[in-house]
Amino acid sequence: MMRLNFIVVLGVVFLLSGIVFPFAASNYFYATEGNVTVTSEDFTSNGTSYSIIYFNGAPTFLLKNGNIVNDSSEISTVVYNYYAERYYPTQQELNELSELIKKYNESRNNGYDWKNMEEYKCREVLFTDKRVDINGEKLWCHDDASCDMNAKLLYQAYSDALGLGSYQPLLEPLKQFSYASYGTDSILQNISRMLENADRSTIVETVDYIKTSIPTLRRYANDIESTVFRTPRLNDSADRSACQLRCYALCPSFDLDQDTLAELETKADALSEKVRPLASYLQTSSSIYNNTMARLGHFQNQTKASYYNTLFEPIESEGLAVESYARNVSTFVTNTSFNMKIERLSELRTKIRTGIDSRNFTGLDADIEEYSALVSNVRQSAVSMYQIYNETLATKNYAEMIFFEISTKDLGPIESEKLTSIKENFAELNERFGKGLSPAEYEELKANYTSIAKEEQALLGTAESGSMSKVMLYFRGFARKVNNGIAELATRTNITNVKEIPENKYIAFGGFSLLVFLSLTAILFLLFLYFIKICNYSKMKYVVIAGFLLGAIVVAIFSGMLFVMMQKTSTQATLDEFLVDLNERQNVAVVVDTALATETQKTAMESCGAAVAKSIAENNKTVVVYNLGVTGNCIKTSGSTTSSTTLDACLREIDAMDSVIYLNPSGTLEVPKLYTAYFNKAEIYAPSDYYTACPLSTIFR
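Residue numbers (our numbering): 15 to 715.
Any given hint might turn out to be false.
Only pairs whose alpha carbons sit at most 30 Å apart, straight line, appear in this in silico DSBU-like list of lysine-lysine [as the list claims (entries may be wrong)]: (1) Lys281 / Lys225; (2) Lys628 / Lys423; (3) Lys687 / Lys616; (4) Lys144 / Lys116; (5) Lys423 / Lys460; (6) Lys365 / Lys117; (7) Lys78 / Lys225; (8) Lys423 / Lys635; (9) Lys144 / Lys437; (10) Lys437 / Lys423; (11) Lys437 / Lys687.
Listed next, with one range per pair, are the computed distances between beta-carbon atoms [said to hold, decoys possible]: (12) Ser654 / Glu613: 19 to 27 Å; (13) Gly426 / Ser621: 34 to 42 Å; (14) Asn123 / Asn211: 22 to 30 Å; (15) Arg341 / Gln297: 19 to 27 Å; (16) Asn508 / Ser654: 33 to 41 Å; (17) Glu88 / Asn353: 55 to 63 Å; (18) Gly450 / Asn49: 54 to 62 Å; (19) Arg666 / Glu613: 25 to 33 Å.
Hints are computed from structural coordinates only; laboratory data are not their basis. Owing to the predicted nature of the structure, the values given are computational and were not obtained by experimental measurement. Built from N, CA and C at the ideal position, the CB exists for glycine as well.
Produce the entire structure from the sequences given, and follow the hints as far as they go.
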């Protein structure tokens with residue numbers, strides 16, 4: 015387990031380092047994503063091949079020579095260098111901006127109506143050119159105080175010419191012109207300085223400054239061109255009309271090159287779009303890094319989940335089988351520790367499976383190791399406890415088989431009394447035997463069943479070894495042969511239905527026994543007459559008479575016993591007699607009569623019926639199972655074919671079979687009823703636990 019862990023960790027380290035696995039975009043898709051559009055932006059930096067991979071337009075990975083880069087500093091550096099190389103303006107583009115700035119600046123003083131006299135000349139005229147010193151300070155209008163002083167000086171100089179009674183009308187126009195003029199100076203100087211010092215770190219700021227400053231420059235230009243201090247342009251009727259009765263004509267006319275300003279704005283806008291990625295390189299780098307780490311983590315989790323799933327699946331499969339087997343065993347054998355292990359097994363399996371599915375791998379190795387060990391432990395415990403149950407069940411079945419056999423024997427009063435006692439003990443033990451006993455209780459039952467089996471063996475030995483028993487066996491054998499002969503004669507001559515002979519026992523068996531008695535008595539009488547004639551005048555005649563009377567008594571006893579044994583061997587046969595007779599039959603019906611059975615009995619009886627049919631079929635016989643229920647229908651099973659028919663149809667088929675074995679429900683195990691010679695039939699009455707174990711099926715093997 016530890017070795018496998020090390021492999022996983024090593025694989026993850028290689029994965030995160032981006033040096034082992036070639037890039038395959040599909041490995042990093044989320045399960046919730048539909049169709050993902052993957053695009054690539056390839057470039058070379060410092061001789062190294064790079065690619066920015068986009069998932070649905072979002073920058074997701076940076077590849078270096080085809081491998082994922084996951085270091086944030088390296089990502090930031092590479093993206094910055096790439097963006098700088100790709101999006102930094104060319105020197106020509108920067109020169110064009112500088113030329114436009116220069117051109118626009120020159121248009122402020124190149125003159126319109128008077129050469130080289132324009133904006134700066136107006137400053138001079140308005141005393142806001144820093145030419146005048148007041149209290150040691152250069153005078154120019156740049157705030158309220160300086161503008162107020164500047165306006166007063168302007169009023170003193172031109173009040174008579176302007177016809178003004180106060181400097182106040184001059185103050186705001188002066189502010190508007192001076193602020194616009196010096197503001198334009200400041201902006202143009204800033205732009206020139208920034209362009210001169212522009213590099214990768216400042217170009218975005220520079221272009222943005224130019225772009226955002228142009229509206230201000232345009233407003234300043236309009237303020238300068240529309241100042242009331244101007245002289246209207248000679249060839250501009252609109253300007254002359256605008257100045258009429260309004261302009262002071264102190265300054266030259268103005269014509270700033272706003273077309274150049276518009277061109278500057280166009281180029282600044284275009285350049286701003288070009289360098290925009292440079293402004294967002296940090297955001298792009300951060301997006302790549304965050305997406306990389308998230309998707310690498312997802313892929314790592316997927317890889318680990320796949321590893322753990324592959325590792326756990328066979329263990330889980332085995333564990334589920336063991337858990338099912340163990341739970342089945344626990345219904346038969348009760349053990350608190352064992353049951354706790356089963357629950358822990360189920361709890362661990364759920365925890366491990368949930369951990370894999372939710373990608374929570376904390377403690378998973380230890381859990382799998384514990385689960386694997388617990389599977390082995392539970393399996394061994396289940397096998398051990400089930401063995402205890404099966405050994406007890408086998409002992410019980412063995413004792414029941416002997417009981418089944420001995421109950422069909424001819425027993426004397428003493429043996430019958432012992433058999434009754436054994437049956438009572440059986441009933442008591444069978445009430446205790448069942449599901450939910452502890453191993454110790456099963457061991458106790460096993461010992462008791464073993465004791466009963468020994469008693470049965472001893473009783474069976476007594477029943478078979480006594481001299482009278484041997485005589486009875488010989489007599490039963492003779493009676494069985496007589497029955498077979500009568501049955502064969504009836505079958506060949508068709509003088510009667512052979513199955514009806516046992517029903518007419520007094521006519522059939524009594525008549526035959528009487529015939530035997532008369533025949534033997536006649537022979538005995540002829541012998542009596544012969545010996546009487548020989549010994550007529552001697553005392554031996556009394557011996558002959560006594561012998562005749564004794565012989566007649568013996569013949570009478572023999573005939574009477576023959577009558578009894580013919581009945582027994584046909585309608586009260588022993589197990590051996592039944593099996594011998596069954597061996598000569600070909601078609602066998604196993605009838606499961608569940609009409610009066612409970613659901614538990616029904617299930618056990620159907621299972622036992624199938625087992626009995628299988629055992630008999632292994633002896634090359636044709637076996638059909640008939641299930642007689644309470645619905646008036648009959649389920650017929652022959653081999654793998656099952657069909658449903660009417661009850662009457664089934665009964666007719668059963669009657670036509672060579673042999674029939676009936677399985678009937680009962681509260682206790684009853685003495686079986688076995689029939690031979692004229693028809694082969696067995697009637698079994700037993701409880702559900704007997705049918706569940708079904709020792710009957712082993713008798714026919």
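Going through the hints against the structure:
{"no.": "1", "hint": "Lys281 / Lys225", "verdict": "9 Å, holds"}
{"no.": "2", "hint": "Lys628 / Lys423", "verdict": "27 Å, holds"}
{"no.": "3", "hint": "Lys687 / Lys616", "verdict": "21 Å, holds"}
{"no.": "4", "hint": "Lys144 / Lys116", "verdict": "23 Å, holds"}
{"no.": "5", "hint": "Lys423 / Lys460", "verdict": "26 Å, holds"}
{"no.": "6", "hint": "Lys365 / Lys117", "verdict": "78 Å, violated"}
{"no.": "7", "hint": "Lys78 / Lys225", "verdict": "36 Å, violated"}
{"no.": "8", "hint": "Lys423 / Lys635", "verdict": "27 Å, holds"}
{"no.": "9", "hint": "Lys144 / Lys437", "verdict": "137 Å, violated"}
{"no.": "10", "hint": "Lys437 / Lys423", "verdict": "15 Å, holds"}
{"no.": "11", "hint": "Lys437 / Lys687", "verdict": "16 Å, holds"}
{"no.": "12", "hint": "Ser654 / Glu613: 19 to 27 Å", "verdict": "25 Å, holds"}
{"no.": "13", "hint": "Gly426 / Ser621: 34 to 42 Å", "verdict": "37 Å, holds"}
{"no.": "14", "hint": "Asn123 / Asn211: 22 to 30 Å", "verdict": "25 Å, holds"}
{"no.": "15", "hint": "Arg341 / Gln297: 19 to 27 Å", "verdict": "59 Å, violated"}
{"no.": "16", "hint": "Asn508 / Ser654: 33 to 41 Å", "verdict": "37 Å, holds"}
{"no.": "17", "hint": "Glu88 / Asn353: 55 to 63 Å", "verdict": "58 Å, holds"}
{"no.": "18", "hint": "Gly450 / Asn49: 54 to 62 Å", "verdict": "58 Å, holds"}
{"no.": "19", "hint": "Arg666 / Glu613: 25 to 33 Å", "verdict": "29 Å, holds"}
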